[in-house]
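**Student:** Sequence:
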Amino acid sequence: VSVVIASKSPTRLLEEKLISFLESCKTQKQLHQIQSQTVCHGLEQNDYVGPRIVAACCRITKIDYARQVFDKISQPNVSVWNA
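Count along the sequence shown from 1, add 68, and you get the number used in this note's numbering.
In short, the hints are calculated from the structure, not lab data.
Please note that a few of the clues may not be correct.
Computed list of lysine-lysine pairs in BS3-like fashion (alpha-carbon distance at most 25 Å, straight line) [to be verified]:
no., residue 1, residue 2
1, K76, K94
2, K130, K97
3, K140, K97
4, K140, K94
5, K85, K130
6, K130, K140
7, K94, K130
8, K76, K130
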């Protein structure tokens, strides 16, 4: 009997880690560091990470920066609009 264990892809694991960091982000410096990692890994357009970046900007009251991030998302989905 073989058991198939569903494993998450490395990209999905990275997404989850970045989302976790974004949700606990408290300062603009932290936000910039996390966002730099999303850009380095090509996840700034990601449907899961992108909205969390915008939401983190709003949470730390960087609304102008949230708008800049939003404007860089080429095809914002409903999650980004709601962030």
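**Student:** All hints are to be evaluated individually against the structure, with a verdict given for each.
**Tutor:** Now for the hints, and whether the structure bears them out:
Only pairs whose Cα atoms come within 25 Å are accepted, and K76 paired with K94 is rejected, the gap being roughly 28 Å. As the CA atoms of K130 and K97 are separated by approximately 12 Å, the hinted pair is consistent with the 25 Å bound. In summary, the hint linking K140 to K97 is supported, as the alpha carbons are separated by about 20 Å, within the 25 Å threshold. Distance check on the hinted pair: K140 and K94 sit about 22 Å apart at the alpha-carbon level, within 25 Å; holds.
Of the supplied pair hints, the one linking K85 and K130 holds, its CA atoms being roughly 22 Å apart against a limit of 25 Å. This hinted pair checks out: K130 and K140 have alpha carbons roughly 16 Å apart, not beyond 25 Å. For a cut-off of 25 Å, the pair hint linking K94 to K130 stands: about 11 Å separates their Cα positions. Simply put, K76 and K130 have alpha-carbon atoms about 33 Å apart, too far for the 25 Å limit, and the pair is violated.
Taken one by one, the earlier hints fail for this structure at numbers 1, 8, listed in ascending order.
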